[in-house]
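Chains as they are written, first to last, in our numbering: chain A, 30 to 166; chain B, 30 to 166; chain C, 30 to 166; chain D, 30 to 166.
Hints listed in this document are in silico derivations from the structure and should not be mistaken for laboratory results.
Zero decoy hints are in this set.
The list cannot tell twin chains apart, which means a pair is met if one copy fits it or any two copies do.
Within a straight-line C-alpha distance of at most 25 Å, the following computed DSS-like cross-link-like pairs (lysine-lysine) qualify:
hint: 1; residue 1: K163; residue 2: K32
hint: 2; residue 1: K103; residue 2: K115
hint: 3; residue 1: K115; residue 2: K54
hint: 4; residue 1: K115; residue 2: K163
hint: 5; residue 1: K115; residue 2: K142
Small disclaimer: the values here were computed from a predicted structure and weren't measured.
There are 4 protein chains.
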Amino acid sequence: MEKITQEDIIKFCHQNLILEFLGAKFVPIENDSVRIELFVGERHTNPYGLLHGGVMSTLVDTAMGAECLAQNKKVVTISMTVEFFKPFPVHTKILTDAKILRDGNRIVFCECKLIDEDGAVYAKANATFYVIGKVKE
Amino acid sequence: MEKITQEDIIKFCHQNLILEFLGAKFVPIENDSVRIELFVGERHTNPYGLLHGGVMSTLVDTAMGAECLAQNKKVVTISMTVEFFKPFPVHTKILTDAKILRDGNRIVFCECKLIDEDGAVYAKANATFYVIGKVKE
Amino acid sequence: MEKITQEDIIKFCHQNLILEFLGAKFVPIENDSVRIELFVGERHTNPYGLLHGGVMSTLVDTAMGAECLAQNKKVVTISMTVEFFKPFPVHTKILTDAKILRDGNRIVFCECKLIDEDGAVYAKANATFYVIGKVKE
Amino acid sequence: MEKITQEDIIKFCHQNLILEFLGAKFVPIENDSVRIELFVGERHTNPYGLLHGGVMSTLVDTAMGAECLAQNKKVVTISMTVEFFKPFPVHTKILTDAKILRDGNRIVFCECKLIDEDGAVYAKANATFYVIGKVKE
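Here chain A stands alone, though its shape is the one from the complex (with noise of 0.2 Å):
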């Protein structure tokens, strides 16, 4: 396969249109890989004034994607579960931290935590996708 670069996925990922109107950035990592970053404001919050469950399962379930993509496959999630061990503030910058468990054909598992900036973890998910074809031939 050819070489996926930092670059190409940051442009496929920019095609979420949900993140960028959420105000995520997509920020490139040490392994070849993407990060999806977050200044949570108020416009995400839940009626306790803190970072609403929805939006993190958006930033995990995009970030994990992304990993897909970084293995040159386009997918699809089958499902997700993620668990939310603490509430996080507003007026902090989340983060994702996805990698792959096992890259198989068809079917692609993955996890991501969302941590803040000193690594704390507030929330974990994992998933299955669908491989539905390649990102470059």
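Chain A is fixed; fit chains B, C and D onto it per the hints.
Showing chains B, C and D alone in chain A's frame:
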């Protein structure tokens, strides 16, 4: 417990600022409960031009929480699993159909379908919630 | 496709040697499908003298797989989530109540309740299956 | 809290009669914790002659519960998700590798891998547990 009205639920739900930001509506339905409706626009999409799974996750999480409110329980999500049956198209209205499966004192188990106006099911979630307090004393 | 009979399903299910070992029975039911029944004994218990969640997981996984067989699909489980509503007592019969939620060509989504003979629900599972072949050509 | 020893954990775990019935062993490991080992036999198999997912679910559920015991917490499982990466062959030893991700007062979040003796991962579970009491006062 004092009766929780649909107005109580909707008022509380409007404090989910992310739902306002996404453009979702809370609509009273027959069984004293509340349903979420979202007219899916470009800003809600993934790179394939379809509704992003994270938005679906946001809708089901909130709709299940609203079911707990109807039982006079404020809750936080412990864990949520979403299964994605088929893609949901843009320019279409998506609706939640949530219910409580097991209403414990401390833990509430819920499920929620995402349907279109004809009742076709596009995704299904199940989740566990931890009870943190009452809506009304 | 050739019609899959309840006898076909039960014959195939009996090749689940673990179910035989646990003492489970496969019982034909009205909708051309099959239900698993287990009379819970001491050997199935956890330290609290109640049915172990792992046995419950074994029953639901197998029952959902049997539903796929009824659609002429041999499957392997991709992922399964089980939610435990309340403890199931020993010296009682537990029954599965499985159904298919979305029957895709490659991926099948199922759910399964665990009930007692009065229909009370003790646990609920949902799972995704990957289709690996047909029962009958 | 009084120190929980590996002997305490193993003694408690042996009250999981289903694990005895399956032939599983509880083995003390380096970090004061306990690992479950099962030599997979014909009686543990699915129709494909491979380890049944339900047995895998039983092992991970119990191993995660044992991690909670090591924190002096008796728990019941609220929900568990198991993802099946690849089939595990018969006549081979399978091992658990469990850890706590978030140790709350009421809710504990755990994960567990199932590995062979070379460390290859065959399945991964994550689960939430509700704390019902202490092992030692």
